[in-house]
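**Student:** My request is simple: use the sequences and hints to build the entire structure.
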Amino acid sequence: MKVEIKTAKFDPWQEIKSYQEQMQKEGLFGAMASFVGSMRDFNDGDKVTAMELEHYPGMTEKHLEGICKEAGNKWELVDVLVLHRVGKIKVGDPIVLVCVWSAHRAAAFDACRFIMEDLKSKAPFWKQETLEQGKRWVEKNTQG
Amino acid sequence: MTIRVKYFASLRESFGRGEDSLEIGSDPVTVSELWDRLTGRKQAMPDNVLTAINMEYVKPDTQVKDGDEVAFFPPVTGGKL
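Protein chains in written order, with numbering that gives the first Met the number 0: chain A, 0 to 143; chain B, 0 to 80.
Derived from the structure by calculation, the hints contain no laboratory data. Given the structure is predicted, the values throughout are model-derived calculations rather than measurements. Honestly, I wouldn't trust all of these hints.
Pairs of lysine to aspartate or glutamate residues, derived as DMTMM-like cross-links and limited to a Cα-Cα distance of at most 25 Å, are as follows [to be verified]:
1) B:Lys58 / A:Glu116
2) A:Lys139 / B:Glu55
3) A:Lys121 / B:Asp60
4) B:Lys41 / A:Glu116
5) A:Lys139 / A:Glu116
6) A:Lys134 / B:Glu12
**Tutor:** As structure tokens, then:
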């Protein structure tokens, strides 16, 4: 299992490839489900030109590791990779990657969704959007 | 006892700082009472403020101990996707 906060832009596809290679678990998994969230240029009807993500160093990692362990208790998983950006983010940049490997597809799909929903609603991240008319903190979640 | 306090996001901006170190007496104090001291009781802690002790979510009526790191922060948004 790997949880990492990224302060610079990352390539989710390259990260999945290199993590899957180094975990050396070929044959154990028959399924992999992944979710990549990227930055949109609109929110709540406004044009968003940039955003900055803040986290609570230490607690954020601890919380994400807890979510992954909880998923591992609910489903039989082979491995989990969670990466999340912080700092200044540009339109189109990947923000979050959740990737789950398991023997069969149901566990991979379900655990990936579970981790993502928990991350969105409980993990300590805060987002400040830059709009054409200034900056605003976002204090509510959009529906999945 | 010594308590380290951290503020994040919009709360950090409204407090004008990211953290405080507080020397308080040995009488029992809860997280919400700590908020009252920090704000001079000018403003009750809003219902949507989240609280943590030593990087674990706690309810505002949890008591703080010497050496604790207490955090106050607004609702979390892991980036709307």
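**Student:** Does each hint hold? Answer for all of them.
**Tutor:** Structure-based check of all given hints:
For the given pair, B:Lys58 sits about 22 Å from A:Glu116 by alpha-carbon distance, which is consistent with the 25 Å threshold. For the hint pairing A:Lys139 with B:Glu55, the CA-to-CA distance comes to about 21 Å; that is within 25 Å, so the pair holds. For the hint pairing A:Lys121 with B:Asp60, the CA-to-CA distance comes to about 20 Å; that is within 25 Å, so the pair holds. With a C-alpha separation of about 36 Å, the suggested pair B:Lys41 and A:Glu116 falls outside the 25 Å cut-off, and the hint is violated.
For the given pair, A:Lys139 sits about 14 Å from A:Glu116 by alpha-carbon distance, which is consistent with the 25 Å threshold. For a cut-off of 25 Å, the pair hint linking A:Lys134 to B:Glu12 stands: about 13 Å separates their Cα positions.
Checked against the numbered hints above, the structure violates only hint 4.
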